[in-house]
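Given the coordinates of chain A, assemble chains B, C and D with the ligands onto it according to the supplied hints.
Residue numbers (this note's numbering), protein chains in the order written: chain A, 1134 to 1257; chain B, 209 to 354; chain C, 36 to 626; chain D, 3 to 255.
Honestly, I wouldn't trust all of these hints.
[To be verified] Taking lysine-lysine pairs in the DSS-like style, the calculated list, with each CA pair at most 27 angstroms apart, reads:
no.	chain 1	residue 1	chain 2	residue 2
1	D	Lys-101	C	Lys-127
2	D	Lys-61	C	Lys-485
3	C	Lys-150	D	Lys-166
4	C	Lys-495	D	Lys-101
5	D	Lys-254	B	Lys-229
6	A	Lys-1227	B	Lys-229
7	C	Lys-127	D	Lys-146
8	A	Lys-1224	B	Lys-306
9	B	Lys-306	D	Lys-217
10	D	Lys-101	C	Lys-250
11	D	Lys-61	C	Lys-503
Derived from the structure by calculation, the hints contain no laboratory data. Quick caveat: nothing in here was measured; it's all calculated off a predicted structure.
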Amino acid sequence: MPTMPAGTLYRGKVGMWSWVLHRITGVAIFFFLLVHVLDTALVRLSPEAYNAVIGTYKTPIIGLAELGLVAAILFHALNGVRVILIDFWRKGVKYQNVMFWIVVAVALLIFIGFAPRHLAHVFG
Amino acid sequence: MSVVIEQPRSPRSRKGANWEKYGWMYMRASGALLVILIFGHLFTNLFLGEGIKAIDFAFVGGKWSDPFWKVWDLAMLWLALIHGTNGMRTIVNDYASKEAVRKTLVWALWGICAVLVTLGTLVVFTFDPCPAGAAAELLPSFCPAS
Amino acid sequence: MSKPKVHHYEYDVVIVGAGGAGMRAAIEAGPHAKTAVISKLFPTRSHTGAAQGGMAAALGNVEEDSWEWHTFDTVKGGDYLVDQDAAEILAKESVQAVIDLENMGLPFNRTPEGKIDQRRFGGHTRDHGKAPVRRSCYAADRTGHMILQTLYQNCVKLGIEFYNEFYVLDLVMTKVDGQERPSAVVAYELATGELHVFQGKSIIFATGGFGKIFKTTSNAHTLTGDGVGIIWRKGLPLEDMEFYQFHPTGLAGLGILLSEAARGEGGILRNASGERFMERYAPTIKDLAPRDMVARAMANEVREGRGAGPNKDYVLLDLTHLPPEVIDEKLPDITEFARTYLGVEPYTEPVPVFPTAHYAMGGIPTNVQAEVLRDNDTVVPGLYAAGECACVSVHGANRLGTNSLLDINVFGKRAGVAAVEYAKTAKHVPVPANAADEVVSMIEKVRKSKGNEKVAVLRKELQETMDKNAQVYRTEESLNEALNDIASLRARYENISVQDKGERFNTDLLEAIELGFLLDLAEVLALTSRERRESRGAHLREDFLARDDEKFMVHSMAYLTDKPAKKPGDNIKVGWKPVIVTNYQPMERKY
Amino acid sequence: MATAVATKGTEFEQMGAVPTFQVTLFVRRFNPEDGQEARWEDFDVQVHGTDRVLDALHKIKWEMDGSLTFRRSCAHGVCGSDAMRINGRNRLACKTLIKDLDITQPIYVEPIKGLNVEKDLVVDMNPFYQAYRDINPFLIASDKPEKERLQSAEQHSKFEDTTKCILCAACTTSCPVFWTDGQYFGPAAIVNAHRFIFDSRDEGAELRIDILNDKEGVWRCRTTFNCTEACPRGIEVTKAIAEVKQAILRGKP
Ligand SMILES: Cc1cc2nc3c(=O)[nH]c(=O)nc-3n(C[C@H](O)[C@H](O)[C@H](O)COP(=O)(O)OP(=O)(O)OC[C@H]3O[C@@H](n4cnc5c(N)ncnc54)[C@H](O)[C@@H]3O)c2cc1C
Ligand code: HEM
Ligand code: SF4
Ligand code: F3S
Ligand code: FES
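Excised from the complex, chain A in its bound form (with noise of 0.2 angstroms):
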C-alpha cells in the first residue's frame, strides 16, 4: 500500500526557518506565560509567598533561562511584525526576505543592549 516516506528534510529559507522558529518561540513564550501567570497570581495570597517563588527568578540558572525568553519574545514579536507587514503591506512579500535579517539585527541590537544589564543584574 502506498506510503508516505519520511526522506530528507526540506530545504527551504528564511521563509520556513522564520516560521518555524516563530512557532517554537510563540510556544516557549506561551508556557512561561502560563507558569508567570500563576506566579503572579501569588501576589493575592501572601506577599511571602509572591516573594519566595519571584525569589527563584533571581536565581543564576532562571536568570539566564529568562534571557533566552527574552530573547524569543524579542524574535517573536519582530518577526511577528514582519508578517503582518506580508500582510498588510503591499511591498511586504517583495522584502520579507530583508525584513527577516532586519528582525534579526533589531532583535540582536536590543539583546546586546539588554543582556549585560540583565546580566549584571542577576550576577551583580
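Relative to the frame of chain A, chains B, C and D with the ligands by itself:
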C-alpha cells in the same frame, strides 16, 4: 456558444460558521498591541532600575496602585493569553492527526486560557497592596505602617 | 501472471486524447451526450501547452484582414497541397473559434481599446501576399498553455468525465452487415495495469503528433503517435505522412523550440565563420523566409562543413546585436531556454540552433466533418479524428505558424458536434466478449519476453536513422536505408524485453509498446517519402528538386496490407487522392 | 564587425565541447508490489555538461534499471509532470541542470512531499487536483457577448501572473502546512482561484472568496514562502495568497 454555466458546486466543508478569518485578524491586531505592551512591560520590569533584582511584592503592589499599570497589565493578560491560546490551537490543528485528540487538546487549551484569564483578572481587581498582618518591610512604602 | 482484469463501460461519445483538440470536442459533446475523455496524460500535461506563438484568426482587430486572405496564405503556405474547401472552413471559422475561447475565459493580450491583440507571424499576409498582417491572437508567449488550461477549466465546469493516465492501445472493430464498424477502444490503466473497454457510438481520436520518431524534436516524450498507429494497424489509411515539418530554430542537440519570434525581432542566423548565410538562400527576406526554406538552408550549411561547434553540427542564432531590453521584453522564453538548457547568455553569445522535428502535416484522413475516411471518399461511420493526429488537410505540405492551434479548435469543435449528431441516432455497435484480447496479448508478449533487446537502444537507433535519412534532405537512397534500418529494428523488436514486470505504474512496459507505434509510423513516413518523387513544402527530395504538379498534386494514402514484405515497405500500398482546389491554382511559391 | 563575429564563431567551436562527468544519484525507491519499505538506491551516472536531472533519470531508466518510475512529458518545463524533491527542494527535473548542483556530493532525488507515493517518484495527485477543482477554476459570467468581452491591459495585468500555473504541485507540496495533514487547499488552488477572482470578466469572486474563507482555506497559510521559491514558473505565489486574503477581508476583489 454551447457552453452553459452550471451551478457552481458547494465548497469542500461547510460545518457551521467558521472563525478562522477572525482568528487571523485577532492574531495580527493583538500582536501589534502586544509589541507595545510587552516591550513596555519588559522595559520597566527588567531594564529600568535594578531590573529583576527589584521585583518583589512591594514592586508589584507599587505598580498596581496606579490604574494606568492595572489597565496595562490587564490588557496584556487578556490579549497575550488569547493570542497564545489561539496560536497553540493552530499548532494543535496542524499536528494532531486524530480528531478526538485534537478536540480534547483544543478544549483543554481554551479551558486553561479561561481559568487563567479569570484568575488574573480577579487578582488584579481584588488585589490589596497592603494586606493586613504582613510584615511591613515586604509592603510598598505607601502602606500605612500597621 | 494472471490475465489482467477487464472493465467495461458504455458511452455515447468516447474521446481519445485530452489535448486541445480532444477537450474542444469534449466541450461540444459533454452537454449533449454521455461523454468520456481518455488520456494517457493528465489533460493539462498535453503538448498543446507547449505552443508559444499564437492562434491565427482574421479578426481584423488591429489591421484590416479577411478570412479570404487567410485562406490564400494557408493554401500557398501548404505549397498548394491544401484541400481548399477545408482551408476556407478553417479561415472562416477562425473568428468564432477565438471568440469562443475568449468567452470561455482565455486571457488574451489586449489592444488599448481592450480588444484581443494580434501580432505578425511567418507567412500570414494582407491581400494575397502584399505585406505581413497582424493575424495571430496571443497570450504572451504561452498561447498554447492558455488554450489548454482554458479548455480544461471548461471541462471541469461541465463536469466532463476524464480517465487520466489511461493508455488507449486498440480500437475494436466489429463486423456488422459485412462492414467493419468501430465499437470501442481498449485502454490500459497505468496505475493498476487493468484494462478498460470503452464502448462508444462515436469515437474521436485526438492523440496528437508523433515527433518522437526523430531524435531532435520539439515534441514531448509522450508524443509517440499511438492514435495514428492504432488506426494504421486497423488497416485504415494514413494521408500525407511524408510531410513532416522541421522548425528551423530548435536548441541544438535538444530540439527545444525557440519561437519564430526570435527572427521576427531581428535575430540573425550565422554559420561557423559568422557569415549571415541566409543572404545566399533568400536574398530579399533572408532570415524571415518560410520554415521549410530556412530549415533547408541550415541543414545545407552543416552538410557542407560550415556548421559551428566541436562537431560542426549546428548553426548560430545571433541576438547579440539586439539591445538586452528588447530581448527581455519580447523574447523572455527564448532567453530563458537558452540560459537554462545550454548555459548560453543570449545578450553576449550566439545560441546554437538546428532544425527540429516539429509537426506532422499528415495523419488520419478525415473530411471536413472530421469523419475518418477508409479510402479516398468513404467515411467510417462513428469514427472521427481531429488535431495533429488528423489530416483534413488544411496544412498541405507545410503548415503555417499559428494555424495548428486554430486547427485543433475548429476541427476539434466540428468533431464534437458531428459525434453528438451521430450518437443521437446511431445504436451501439456490439462489442465482442473478447474485445480486450489483442491488448492482453500485446502486453503479455512484452512482459513475458525473455529477449535481450532494449527498448531505449532500439528507439535511439530508430531516431538516429530517421534524423540521418528522412529529415530535411531526402533521397531514394537515404529513404531505402531508413526502410532497411526500420525493418531490422522491427525484427529486433520481436526480441525485446522489459525489466519491470509489475502491474502498477509500469512505464517500462508502455515505453516498449509506444516504440511499436513509432516503428510503424516511421516506416510509413519513410515509404511515402520515397514514393513522392518530387519536392514540395517540407518534403525535399534531392534527387527530385522540383515540384511536380503534373504527377504529384495529390495526397498520398498509405494502407497496411497483408502482403508479406519481401523487401522493406512491400506490405504498404500507397494510393493517391486528388487535392480539392476551389479558388487558387498552383503557382510558384515565392516570398 | 565581420571579424568580431568570426572570432565569436571560433570561440564557439571550442565552447560547445562540454565535459562529461560522473555523478551519484540517490533515488528514493518504493515499489508497491515488493512489500518493502521505501529506501534509497544509488546510481553512478555519466552525464553531459548540459544534462538535466531528467536526463540522468532517463539514463538510469534506459540503461540500468528499467523499473525506475517517474512522470515526464515535455522535458522543458511547460507540462508540469516532473516536480520532485531534488537535494531537498521541490523542482522540475527537466529544468534542473546537473552542473548547477553541487556535483561533488551525491544528488538526492525523492518524490514530492505530502501526497501518497504510488511508486518511486510517482505520487497520487488526486487530492491536489481535487483542491483545484474545488475552487471553481473556470470563468463564471452570465452575459452572452456577441464578440469578445473587453478588458483593458491594466485589468489583464492584475491576474496575468497567476495564469502561468502549470499545476505541477511543486508549491503545494513544499508547503509545511500542507504536509501536516493534507487538508489545506494549498497554494496551487489559491493561485488558480486568484486567477479568476481578479479577472474583470468573472462574476464568481464572492463564491470563491467564500470557499477560500474555509477552515482549510487561505487562513492556514503561514507565509513561509516555500511555495514562491518552489514555483518553476516564477509565479509570486505568496503575493497572490496575500491578495486573496485581502479580498476576503474586503469581501470583494
Ligand atoms: C513546441 C511547440 C510549439 C508550437 N507552437 C505552435 C504555435 O505557436 N501555434 C500553433 O498553431 N501551433 C503550434 N504548435 C503545434 C500545436 O501546438 C500542436 O500541433 C497541437 O497543440 C496539437 O494538439 P492536439 O490536441 O492534436 O494534441 P496534443 O495536445 O499533443 O494532445 C494529445 C493528447 O492525446 C493523448 N494521447 C496520446 N496518445 C494516447 C493514447 N494512446 N491513449 C490515450 N491518450 C493518448 C495525450 O495524453 C494528449 O492528451 C507547436 C508545437 C510545439 C511542439
Ligand atoms: C510581542 C508581540 C507579539 C507579536 C507581534 C506576535 C505576533 C504574532 C503573529 C502575527 C502571529 C501569527 C503568525 C502567523 O499567522 O503566521 C503569532 C502567532 C503566535 N503567537 Fe504571537 N505575537 C506576540 C506575542 C506572543 C505571545 C506573548 C505569545 C504567547 C503567549 C505568542 C504566541 C504565539 C503563538 C503560539 C503563535 C502561533 C504560531 C504558529 O501558528 O506558528 N505570541 N504571533
Ligand atoms: S503555482 Fe507554480 S508551483 Fe504551484 S502548481 Fe502552479 S506552476 Fe506549479
Ligand atoms: S508555502 Fe504554504 S504557508 Fe503559505 S506562503 Fe506558501 S502557502
Ligand atoms: S517534463 Fe514537462 S515540466 Fe518537466
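Looking back at the numbered hints, which does the structure fail to meet, lowest number first? 1 and 8
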